[in-house]
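*Asks:* Sequence:
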Amino acid sequence: MSEAVRNLEPKIVWKHFADLNAVPRPSKKEERVIQFMVDFGKSLNLDTLVDKVGNVIITKPATKGLEDRQTVVLQSHLDMVHQKNSDTVFDFDKEGIKMVIEGDWVTADGTTLGADNGLGVAAIMAILSSDDLQHPNIEALFTIDEETGMTGAMGLEGGILKGDILLNLDTEEDDEIGMGCAGGVDVTATRNYNEEEVPENSTAFSINVKGLNGGHSGMDIIKELGNANKIMNRVLFDGFTNFGLRISEINGGSLRNAIPRESFATVTIDTISKEAFLFETGLLINNLKEEFSTKEPNLTVEIIEIASPEKVMELGVQEGLIKSIYAAHNGVYRMSPDITDLVETSNNIARVIVKDGHIKIGCLTRSSSESNKSDLANSLKSAFELSGFDVDLSGEYPGWQPNVNSAILDVVANLYKELHGEKAHVAACHAGLECGILGQNYPEMDMVSFGPTILGAHSPDERACISSTQKFWKFLVEILKNIPKK
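Residue numbers (the numbering used here): -5 to 480.
If you're looking for bench data, these hints aren't it; they were derived computationally from the structure.
Given the structure is predicted, the values throughout are model-derived calculations rather than measurements.
Okay, the calculated beta carbon distance ranges per label pair:
1) Leu380 / Phe273: 27 to 37 Å
2) Asp87 / Leu413: 34 to 44 Å
3) Lys289 / Val83: 28 to 38 Å
4) Asn1 / Leu409: 24 to 34 Å
5) Val326 / Asn397: 18 to 28 Å
6) Val83 / Gly415: 40 to 50 Å
EDC-like mimics (lysine to aspartate or glutamate), calculated; alpha carbons at most 16 Å apart, straight line:
7) Lys479 / Asp62
8) Lys475 / Asp125
9) Lys268 / Asp232
A virtual CB, placed ideally from N, CA and C, is assigned to each residue, including glycine.
Required output: the full structure, derived from the provided sequences and hints.
*Replies:* Spelled out as structure tokens, the structure:
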């Protein structure tokens, strides 16, 4: 079915997307896709540069008649989020994405699709490879590692780019024009613990939280979806409080920028309390399913009796772990007081690992307000430190402050209305676009963001709308023909 994607319209975009999706490109392992882009640029006899951190820059001269227009930077990121369903057998380091067409959508077979931001990359490749499209001077900027730290954008030095305007192609609703975004910071709590022998006369269970939607921890945080780590913690808290449950291992969530879909724990209970534990936890599971019946209809919590593990956590640290996760905020923290329906500040408790005497909890805190980002990060830090954790704040990046006087925003918004007979939704988004970082070294560059409709980004349910991609492509082509003069 991946080959059938090449025949979708616009073929020039989907062909490049299929080529790109054949190349493994996880964040921080972009060597193959960097070489892929270098080979692509050189095959077109275009000037191609790889900067010191791995960003690829390909330049293309203006077409005849548009030499007097401002230079445009077309920007997308090369890496993609690697997520798969637990029952999907797939090696992201070796295999290309297996794409499937379902009506008006392209999706993948049990994995993320890579449309975020692969369709943006493919559209830029289409502009570079075309010989009949009108455009001004183009600087195509393909950044690396956007999804796990934005180190590509952070490492791009000032002076390399000469463009006046930057079009970021990483927005995921085709009627939206981005003019600002949230910044973020990673909050990581760690602690060691002593392992103890499993108490005598114990029964062991595997607790499995599955079936959640997951999604983008910024754009989807407003949907109030279930977080597998928080749901698991409720089950563990109840079992510990009422029946002295002991934890052996926890493996919950995956990437910081993905809302956790699954969590798995190995626990023990005094055998004498087994039936009461199963009954009480069954009631809790029913309550959880009822709470999430609208948002998470496929939520399942399984309790399966298993062979006994070798060790469990020491009690004092276990109690601190459970209570600190309970206390730590997850989800929307504050809505924007200035922009309707925009999340200002949020946190995603993305990863919980307990194994072999070590605990690691990973969160991603986002905000368009630097002060509130710091406030929530300090709140999380305090919750974990009160339970004896060491807490590290790292990977901080700034937001993109909206520029209501943006000239290119006026051009793009007016052109959208001319093409579609209605106004675009001009807004800031609760996600980490690279524009804010790029603007630090290029403060005079005028920026906007737009793109095709993509749903379920950062999850195996990710899908890209075919008709929306056609709309997006037509919009991009028209924008390039209407770039203002220098």
